[in-house]
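J.: First to last, the sequence lines map onto chains A and B.
Note that my numbering has the first sequence beginning at 1, numbered continuously upward.
Note that my numbering has the second sequence beginning at 1, numbered continuously upward.
Treat the hints as calculated values from the structure; they're not laboratory data.
Beta carbons: idealized from backbone N, C-alpha and C, even for Gly.
Please note that a few of the clues may not be correct.
[Unchecked claim] Footprint (simulated), chain B over chain A, 3 or more residues, beta carbon under 8 Å:
1. 78-88
2. 135-141
3. 243-251
4. 378-389
5. 399-409
[Claimed, not checked] Listed below are the simulated PhoX-like cross-link pairs for lysine-lysine, each with C-alpha atoms no more than 20 Å apart in a straight line:
6. B:K38 / B:K289
7. B:K101 / B:K38
8. B:K38 / A:K82
9. B:K38 / B:K84
10. A:K236 / A:K283
11. A:K289 / B:K82
There are 2 protein chains.
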Amino acid sequence: MAKHNAFYAQSGGVTAVINASACGVIEACRRHSDSIGKVYAGHNGIIGALTEDLIDVSQESDESIAALRHTPGGAFGSCRYKLKDIESHRVQYERLIEVFKAHDIRYFFYNGGGDSADTCLKVSQLSEKMGYPLTAIHVPKTVDNDLPITDNSPGFGSVAKYIATSTLEASLDIASMCATSTKVFVLEVMGRHAGWIAAAGGLAGQGEGEPPHLVIFPEVAFDRRKVMERVEYAVKNYGYCVIVVSEGARYEDGTFLADSGNTDAFGHRQLGGVAPTLAGMVKQDLGYKYHWAVADYLQRAARHLASRTDVEQAYAVGERAVELAVAGENSRMPAIKRVSDNPYRWEIESAPLAEVANREKFMPPDYISEDGFSITDACRAYLSPLIQGEDFPPFENGLPKVAHLKLARVEKRLPEFTI
Amino acid sequence: MAKHNAFYAQSGGVTAVINASACGVIEACRRHSDSIGKVYAGHNGIIGALTEDLIDVSQESDESIAALRHTPGGAFGSCRYKLKDIESHRVQYERLIEVFKAHDIRYFFYNGGGDSADTCLKVSQLSEKMGYPLTAIHVPKTVDNDLPITDNSPGFGSVAKYIATSTLEASLDIASMCATSTKVFVLEVMGRHAGWIAAAGGLAGQGEGEPPHLVIFPEVAFDRRKVMERVEYAVKNYGYCVIVVSEGARYEDGTFLADSGNTDAFGHRQLGGVAPTLAGMVKQDLGYKYHWAVADYLQRAARHLASRTDVEQAYAVGERAVELAVAGENSRMPAIKRVSDNPYRWEIESAPLAEVANREKFMPPDYISEDGFSITDACRAYLSPLIQGEDFPPFENGLPKVAHLKLARVEKRLPEFTI
């Protein structure tokens, strides 16, 4: 069997475990050295392919590659760059094929979310039209958990574990001080379009009165009066109130809470997020002392608290991507299939990319309680397995040890290309 | 030897390890059952003593007490309540003695920061005047690391480890996306009066260009032009800029950045913290895409990432407090003494409370670099040992396991007292 090279790239917002997928892809390629030659990684994702800025992964030691499994961020660089539609920007797609040809790349592994699944599909289709034998496999990743078909998206489980743990820990802090200090705590979490991450905050407590007392989802129109009633109820009955709010929280008319028209002294749009906005409402309407936190990148970079389930799945989809490619499958995505909830069992299946691209998965309505402020048992049954298990990284000198790659570049063979 | 009861209370802002000190106190009391009877904990700190709201710790199992070692927050409730001066509020101090008398309490263990050291000293002095034999020992705690004499304050090491780790992890995220996305990331950390926690962020990197590229201390007057020059330099040379900023960052005239007079659309003082304010300046002056995070309570509650050194020291000061009391020492505080930096060795010494109360420890000027934006080698040598070692809590169902106490109350024997 003739050997050809592989291309791997990371796309979109990175996660705590996208490098575990990279590790899965690269280690599997090394195990299939009969059919796969070198792995070239795109520097800064697909931009690396377009500009022929390729990293020669063969120069990285086995130890360095193994260390990717516990290194957050995107080790080869990722990008927010979406290839436009193929009709008007055909030249970009053709450039990709040219670069692949120039470096004998016949395997294309693209690690990203919905947009990159779409790109992966288009590249696959075009290469077929152009008669270039390319095997394109999409490796799923997104903290937003919005990919279809796959039961969950690698990257989400670790954010979920971080947010659930942080909510639990901070709640113990507030609970112990509420008699004379902070009564309301607001934690802002990611999820502009869907409340998956906010829902994970709901895992921190279960029984009556256990925090968080409110989860505010983008799926439920924000009703200030109702929210404040609930906050007051919690403070009066439990002594304090913990709120997990999605950055995507919005009013009935679709306006984001964070964009509520507040301006600073210079007339500039206020920069604060949802948490300070909501905390301000609490102060104004109820007068309670508050604190707020915005986890931002901390939540999606927190590899130190990754879910073991998530790490294993992230690795598995990377590994399986290579196995599918070697087995001759094309235009596919390894997807996680849930076999059972309790005990949680999962396996990887192969999904056609045409069914993945350009479709979003939203929270099922029955995952949110009737009153709109908490998660249901169905949601809990879905989420809980995803945060199971720990996979602490090795530490050195008090800090997590991370991979340090050489990132040696492959010599260019083509003229420059401006994107 | 006649047996008498002990009183233990938590005071001020809680930490990830204040319960480890509680564990040390209680376990040591149980080991000294020849001289110490029951341990009564104040519900919500000293307020519990004033209102005779006492928790009977003898009803908690050894397992529950052991679990305190890995439970964040203040398990018996803490408070922000400072006893006023003894001249004008003598009645409060006398009430404390009355409650102690009524419950045969002759050991007073007070777990807190500078204010509580002062209270502990006053209670000790008054009891002597009143002829009531009370042994008062202060157990040090504060994330602010501002207690004198002790080399460091239990609680600080864990926040330091959390902030250093979070800075490292988030920096990897920014670094991998900066070519096409966020160029500047701002992490706001605690420390209204001193830059100890901000300094800990500096541990994330060491070499030229390693993040954080700027640490903004309360000790250094904020100069917008200089800061922006440095941000621009980092973005141009390293592709991105990570800033760790103390909530106490202030201008030359003492105005806090967070109180810069910004108001929202209703004319209310803007609620945003330092991070959004600084991020706004970056956008306005340099136009870079930014993200910001405010760790707030997450940082001081993050027991899941506690420093093992910190946990051991927190336990040790609690344990030693009891040993000092049993040995007949009074008006003392167990203090951490650094024996050597490398290898790090420490021991506990006994410090007179009179030297602890009402004194603050600030960052030595030689811990901040000449340009005011980073930590020096001396600072690194001081901080580094404090974040060494991990002490992950047990996890259950994907979340940290925490202590669940009965918190049974002791029957009241005195008339009500209004505070």
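J.: Go check the stretch 243-251 of chain A versus chain B for me, would you? Three or more residues, Cβ under 8 Å, otherwise it fails.
T.: Answer violated; 0 residues pass the 8 Å Cβ test.
J.: If you draw a straight line from the CA of K289 (chain A) to the CA of K82 (chain B), is it 20 Å or shorter?
T.: Roughly 18 Å between the alpha carbons, so the hint for K289 (chain A) and K82 (chain B) holds.
J.: If you look at each residue in the stretch 135-141 of chain A, do at least three have a Cβ nearer than 8 Å to any Cβ of chain B?
T.: violated (count 0)
J.: Starting from K236 (chain A), check that the Cα of K283 (chain A) is at most 20 Å away, please.
T.: 15 Å, holds
J.: CA of K38 (chain B) to CA of K289 (chain B), is that 20 Å or under?
T.: 59 Å, violated
J.: Given the hinted pair K38 (chain B) and K82 (chain A), is their Cα-Cα distance within 20 Å?
T.: Violated: K38 (chain B) and K82 (chain A) sit about 67 Å apart, past 20 Å.
J.: Would you mind confirming whether the straight-line C-alpha gap from K101 (chain B) to K38 (chain B) stays at or under 20 Å?
T.: Holds: K101 (chain B) and K38 (chain B) sit about 14 Å apart, inside 20 Å.
J.: Using a Cβ cutoff of 8 Å, are there at least 3 residues of the stretch 399-409 of chain A near chain B, or does the coverage claim fail?
T.: With 3 residues in contact (Cβ-Cβ under 8 Å with chain B), the coverage given for the stretch 399-409 of chain A holds.
J.: So is the stretch 378-389 of chain A in contact with chain B by the C-beta rule, three or more residues under 8 Å, or is the coverage claim wrong?
T.: Holds: 4 residues of the stretch 378-389 of chain A have a Cβ under 8 Å from chain B.
J.: Apply the coverage criterion to the stretch 78-88 of chain A and chain B: a residue qualifies when its Cβ sits closer than 8 Å to a Cβ of the chain, and three qualifying residues are needed.
T.: holds (count 4)
J.: Holds or violated: K38 (chain B) with K84 (chain B), Cα cutoff 20 Å?
T.: 29 Å, violated
The structure fails to meet hints 2, 3, 6, 8 and 9 from the earlier list, while all remaining hints are met.
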